[in-house]
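Asker: Listed in order, the protein sequences are those of chains A and B. Numbering follows the working numbering, with no gaps: position 274 of the first sequence is 274. Numbering follows the working numbering, with no gaps: position 239 of the second sequence is 552.
Heads up, some of the hints might be wrong.
Claimed, not checked - If you only want the chain B side, here are some residues facing chain A, beta carbon under 8 Å, derived:
id, residue
1, H411
2, V412
3, T414
4, E418
5, G422
6, Q426
7, S429
8, G431
9, G433
10, L436
11, E463
12, A464
13, A467
Said to hold, decoys possible - If you anchor each label on the Cβ, the simulated ranges turn out as follows:
id, chain 1, residue 1, chain 2, residue 2, range
14, A, G285, B, A494, 38 to 46 Å
15, B, E557, A, G285, 22 to 30 Å
16, A, E21, B, Q532, 28 to 36 Å
It should be emphasised that the hints constitute simulated quantities derived from the structure, not laboratory data. Cβ coordinates follow ideal geometry from the N, Cα and C atoms, glycine included.
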Amino acid sequence: MVTQASTREAYGKTLLELGRENTNIVVIGGDLNKSTMTTFFAKEFPDRFFDCGAAEQNMMSISAGLASSGKIPFVSTFAVFGSGRPFDQIRISIAQARANVKIVVTHAGIITGSDGMSAHGIEDLALMCSLVGFTVVVPADARETAQVIRSVAEMDGPCYIRLSRPATPLICPEGYRFQPGKASVFRPGGDVSILATGIMVAKALEAAGTLAQEGIDARVVNVSTLKPIDQECIIRCAHETGAIVTAEEHLKHGGLGSIVSQVLVENCPVPVSTVAIEDVYSHSGEADELLQLRGLTPEKIQVAVREVVARKG
Amino acid sequence: MESRARVIRRHIVKMTAAAGSGHPGGSLSAVELLTALYFRVLRHNPSDPHWLDRDRFILSKGHCVPVLYSVLAEAGYFDVKELQTFRKVGSLLQGHCHVMTPGVEQCAGSLGQGLSFGIGAALAGRLDGRDYTVYVMIGDGECDEGQVWEAAMAASHFRLDNLVAIVDRNRIQNDRHTSEAMEIEPIADKWASFGWTVKEIDGHDLAQVVDALEAAHQQDGERHAIIAHTTKGKGVSFMEDNPEFHGKAPNPEQLQKALQELS
Ligand SMILES: Cc1ncc(C[n+]2csc(CCOP(=O)(O)OP(=O)(O)O)c2C)c(N)n1
Ligand SMILES: [Mg+2]
Chain A
1 MVTQASTREA
11 YGKTLLELGR
21 ENTNIVVIGG
31 DLNKSTMTTF
41 FAKEFPDRFF
51 DCGAAEQNMM
61 SISAGLASSG
71 KIPFVSTFAV
81 FGSGRPFDQI
91 RISIAQARAN
101 VKIVVTHAGI
111 ITGSDGMSAH
121 GIEDLALMCS
131 LVGFTVVVPA
141 DARETAQVIR
151 SVAEMDGPCY
161 IRLSRPATPL
171 ICPEGYRFQP
181 GKASVFRPGG
191 DVSILATGIM
201 VAKALEAAGT
211 LAQEGIDARV
221 VNVSTLKPID
231 QECIIRCAHE
241 TGAIVTAEEH
251 LKHGGLGSIV
261 SQVLVENCPV
271 PVSTVAIEDV
281 YSHSGEADEL
291 LQLRGLTPEK
301 IQVAVREVVA
311 RKG
Chain B
314 MESRARVIRR
324 HIVKMTAAAG
334 SGHPGGSLSA
344 VELLTALYFR
354 VLRHNPSDPH
364 WLDRDRFILS
374 KGHCVPVLYS
384 VLAEAGYFDV
394 KELQTFRKVG
404 SLLQGHCHVM
414 TPGVEQCAGS
424 LGQGLSFGIG
434 AALAGRLDGR
444 DYTVYVMIGD
454 GECDEGQVWE
464 AAMAASHFRL
474 DNLVAIVDRN
484 RIQNDRHTSE
494 AMEIEPIADK
504 WASFGWTVKE
514 IDGHDLAQVV
524 DALEAAHQQD
534 GERHAIIAHT
544 TKGKGVSFME
554 DNPEFHGKAP
564 NPEQLQKALQ
574 ELS
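The following block holds chain A by itself, in its conformation from the complex (with noise of 0.2 Å):
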């Protein structure tokens, strides 16, 4: 059984941290603190802690005037409400701005779960992929999380992070080090890459354990940033493994699947499966369930996988 974690809680912690290590850190957040965790921060910080109630797109503007003063503002809230709801504001204030404001969503995707679908961000990644200059990441457990927190704090510049309601599996190689803008072989393989982000990663490893007693020798990248995307990465996979699948919680047009694509679209063409989201919404159930319902399982990946492998020819 392996070790179940939250991300959630993971970015809590290191925000106390580095609440500690940098007086210009400063948090906002959206009437959601307990659930987002900002509230270790708040506690220790409640100078540098600032509540903006429900009122998204004052949130966001307001951390854009921070970020002009030099502060390094982290303002939390859920998917749903970090990205479609503020958009004008993150687009304007934030992205044309180049302004240092770090959002960290969490509750994103299906596996939020009984909510439903107004909870389901499942549209995120397209819209913040679509602005010019922001960092995109999505950690794939709860050990990276605290290091991406730790990445996008030095960085200047808008960033995106993107987190889950329930723990998930700690998947991480023991000494891995997130560097921001690669993409990381988490299994080596020959016969096909399966290229996953967030907590598709580790149904990929699943998969690729599976896939190894049939024969197929399937290598496993963890994509965790999505914007700007490892091209050299992908295209060394195509290369060297000559078939891609990709495995994200999100849909598929606009997300990593399109991204894999595109980049290969003009570099490497080869057989290509996406495994995501369909266009349609869910509706409230349990998180397990959820991701059985939309096909985000191991064995939708090694579907996807030997149809790749069949079409490499």
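Following the hints, put chain B with the ligands in place on chain A, whose structure we already have.
Answerer: Frame of chain A; chain B with the ligands shown alone:
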């Protein structure tokens, strides 16, 4: 300052005419307000636009950037000749506020964001123990945006007293008069009920403008909202109170007429 105001009005009509587009109406209504700010009230240094202790001016109604560029140029942030490049490829002077221009604090063009931005800048000043004041100019049509009221509420919640809101009450928005597009009255009561100390002034009377801005600058524990009653298109007879010149540049003939009136 009156002659300065006239020079700035001339810049506004000339630069919009040269660009063939832009927003003269709401720029002309704000001339006395910005002239008083930049040449009397603000603590600023044109040769060091990022000076940490500067007072900040945020033009939330970013389409009225011709008036801001004109005062910035007159104050020495960049050469007055630049004004003729407004809206042209390669220009420092974009169609709406952008941080690439020396002296411009924030990006704008989508209404409603400036007061929130100002809250962020004011909070940063308080955290750092700097005594600068943040002035934000909002259009009256812009007050239709919900975010303005999110910000008005938050500024009170955070007990900011280093933030001043100036509403350019020129009674016209994009298509037509505010009373027709969206009634915002009683606007003074609205600000007051959100926790602001409201003062209504004649926004073209320089003495009243300076008094109100200086009073608001006291950092006396209150948030000051100045409602400046103005005339859109002020100073050019055929633009005055005329919604048509919200977002239309004068043609060459109109420019000549405008410059005559402003001589
Ligand atoms: C969010 C948003 N919606 C619509 C517009 C288009 N627009 C530009 S100016 C304007 C009217 C603004 O009126 P007001 O605030 O009164 O400005 P002023 O009269 O001072 O020019 C509108 C609707 C915009 N820029 N931003
Ligand atoms: Mg108006």
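Asker: Confirm or reject each hint.
Answerer: Status of each hint after checking the structure:
no. : hint                         : in the structure
1   : H411                         : holds, 7 Å
2   : V412                         : holds, 5 Å
3   : T414                         : violated, 12 Å
4   : E418                         : holds, 6 Å
5   : G422                         : holds, 6 Å
6   : Q426                         : holds, 4 Å
7   : S429                         : holds, 3 Å
8   : G431                         : holds, 6 Å
9   : G433                         : holds, 2 Å
10  : L436                         : holds, 6 Å
11  : E463                         : holds, 4 Å
12  : A464                         : holds, 5 Å
13  : A467                         : holds, 6 Å
14  : G285/A to A494/B: 38 to 46 Å : holds, 45 Å
15  : E557/B to G285/A: 22 to 30 Å : violated, 56 Å
16  : E21/A to Q532/B: 28 to 36 Å  : holds, 31 Å
Hints 3, 15, counting from the list given before, are not met by this structure.
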